[in-house]
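Just need the whole structure built from these sequences, with the hints factored in.
Protein chains: 2
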Amino acid sequence: MVLIDGKKISDEIKSEIADEVKNIASKGEKIPHLAAILVGNDGGSETYVAHKVKACEQVGFQSTLIRLPSDVTESELLKQISGLNNNPSVDGFIVQLPLPKHIDEQKIIEAIDPNKDVDGFHPVNVGRTVIGLPAFISATPAGIVELIKRYQIDVSGKHCVVIGRSNIVGRPVSILLSQKNTPGDATVTVVHSRSKNLNEICLSADIIIAAIGSPGFVKANMVKEGAVIIDVGTTRVNAPETKSGWRLKGDVDFDSVAPKCSFITPVPGGVGPMTIVSLLKNTLLAAKKQ
Amino acid sequence: MVLIDGKKISDEIKSEIADEVKNIASKGEKIPHLAAILVGNDGGSETYVAHKVKACEQVGFQSTLIRLPSDVTESELLKQISGLNNNPSVDGFIVQLPLPKHIDEQKIIEAIDPNKDVDGFHPVNVGRTVIGLPAFISATPAGIVELIKRYQIDVSGKHCVVIGRSNIVGRPVSILLSQKNTPGDATVTVVHSRSKNLNEICLSADIIIAAIGSPGFVKANMVKEGAVIIDVGTTRVNAPETKSGWRLKGDVDFDSVAPKCSFITPVPGGVGPMTIVSLLKNTLLAAKKQ
Numbered sequence: 048m049v050l051i052d053g054k055k056i057s058d059e060i061k062s063e064i065a066d067e068v069k070n071i072a073s074k075g076e077k078i079p080h081l082a083a084i085l086v087g088n089d090g091g092s093e094t095y096v097a098h099k100v101k102a103c104e105q106v107g108f109q110s111t112l113i114r115l116p117s118d119v120t121e122s123e124l125l126k127q128i129s130g131l132n133n134n135p136s137v138d139g140f141i142v143q144l145p146l147p148k149h150i151d152e153q154k155i156i157e158a159i160d161p162n163k164d165v166d167g168f169h170p171v172n173v174g175r176t177v178i179g180l181p182a183f184i185s186a187t188p189a190g191i192v193e194l195i196k197r198y199q200i201d202v203s204g205k206h207c208v209v210i211g212r213s214n215i216v217g218r219p220v221s222i223l224l225s226q227k228n229t230p231g232d233a234t235v236t237v238v239h240s241r242s243k244n245l246n247e248i249c250l251s252a253d254i255i256i257a258a259i260g261s262p263g264f265v266k267a268n269m270v271k272e273g274a275v276i277i278d279v280g281t282t283r284v285n286a287p288e289t290k291s292g293w294r295l296k297g298d299v300d301f302d303s304v305a306p307k308c309s310f311i312t313p314v315p316g317g318v319g320p321m322t323i324v325s326l327l328k329n330t331l332l333a334a335k336k337q
Numbered sequence: 048m049v050l051i052d053g054k055k056i057s058d059e060i061k062s063e064i065a066d067e068v069k070n071i072a073s074k075g076e077k078i079p080h081l082a083a084i085l086v087g088n089d090g091g092s093e094t095y096v097a098h099k100v101k102a103c104e105q106v107g108f109q110s111t112l113i114r115l116p117s118d119v120t121e122s123e124l125l126k127q128i129s130g131l132n133n134n135p136s137v138d139g140f141i142v143q144l145p146l147p148k149h150i151d152e153q154k155i156i157e158a159i160d161p162n163k164d165v166d167g168f169h170p171v172n173v174g175r176t177v178i179g180l181p182a183f184i185s186a187t188p189a190g191i192v193e194l195i196k197r198y199q200i201d202v203s204g205k206h207c208v209v210i211g212r213s214n215i216v217g218r219p220v221s222i223l224l225s226q227k228n229t230p231g232d233a234t235v236t237v238v239h240s241r242s243k244n245l246n247e248i249c250l251s252a253d254i255i256i257a258a259i260g261s262p263g264f265v266k267a268n269m270v271k272e273g274a275v276i277i278d279v280g281t282t283r284v285n286a287p288e289t290k291s292g293w294r295l296k297g298d299v300d301f302d303s304v305a306p307k308c309s310f311i312t313p314v315p316g317g318v319g320p321m322t323i324v325s326l327l328k329n330t331l332l333a334a335k336k337q
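Residue numbers (our numbering), protein chains in the order written: chain U, 48 to 337; chain E, 48 to 337.
Calculated directly from the structure, the hints in this document are not laboratory data.
Note that the list lumps identical chains together, so a pair holds whenever it fits in one copy or between two copies.
With a Cα cut of at most 25 Å, we get these calculated DSS-like pairs of lysine-lysine:
| hint | residue 1 | residue 2 |
| --- | --- | --- |
| 1 | K335 | K196 |
| 2 | K243 | K271 |
| 3 | K154 | K227 |
| 4 | K335 | K77 |
In structure tokens:
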């Protein structure tokens, strides 16, 4: 059983990006610049954005954090987005989700210039991804594909079962792995809360990608001997033994499943660290396109 | 075994649309207007466009056919598209594919205003479809979903195998049937030329959608007793007994498969007629949005 080390791979990629940034700087060209808008003070969002800003520093990107109060109006937020769209210094930017309920999230996503939409949530980038055109691919699916690539896991012709059909993980990763590509060409089944025979379908899978947000959902009796397991779940569960009182738990019952696998990602330290490097890669791409 | 009558359903829908058009006209409002650009004289394209124009007449739409020579330049075609984008009389339009090789098809598709893109091929409409937002859904997948709906075939939780991963049929129909919707909520597997165990996977399907363009590909030994079969294939095969010398053959070996099915679409007369009514429905939608 190989434990997929997302931390190690993400460090490798960060180092590759840092080299590219040095190269850009040595030629006197513009350093990539990522901006983030953070609305309110949600604990999870604060942590995510702090990680993103820190990752920018690590690779030598310029970064800008725009903080807005939780009662900011939708029109004020739209004005900020328009400002970033028109700011030639900013190559790409994100609006950290979720947003307060009085703001229409989809409207915000669609206000971002698709050429600066490094989260890849704009319909244009989703559509281009599905069609197989160059696009900003959203961070988590791109990170999963990158892990599979770097560990040289052969998915062509294999049966890949994606658990979960979310717009930001399950759906896009199911499409990417099914496309004519390397890695790709997998036979992909998307299962979800309404699926019958879910256990039986998982048991037939060569690769399982669990992205349902239900801690410990995938049990050993759902996994074929030698399967590859990618665990996208990151639910906070109570853990009195830790200082914070919680820890992250994946969608896979790791202790029982791991012994059966050929490859498995841990939580934390698997898919998570890859998400941020995907965002950095998209920003680098955006900077090159400008 | 129920033979799904696409001709009958499409006539019903045309009649519903015609009623709506009468209603619009009686209020003195603008009649929906579909335009089509036809480049060159390809036999298949001529037939398709003629059918579309005829269908417009049947439901009372205004229609415009713009014919361009096969050696038209890309820039001239783009100018025509820009003209239609800016023509308030035209609610929606299509550029009949395929285009001559000297023209970049994707560039043409992306030049169409997404609000007039009644073929639903623009990345914005593909992306909106995938995200589950209101969109122009491309005609063949929308027609398949409509057939399933009108025949009240329950797909929720069922295993649906889509054979073929094309951007205009296999991929979008796989997504639509997997989404939280009615009809929808199916467990969908996309199989393709690189899939291993393709026969075995088909044999486990409650619903098979064959969109691979290989005449007679789906044989009786790939079909479970009681399965629903939707045949999207329309390949011209030699048929000396016909006046034209050819006939349309689907992707399913109809004679051997039909006796095992609960529902099956014939070719011709199944999915085909639904494609044009989907285009009419999109045009009506576009007219309402203007």
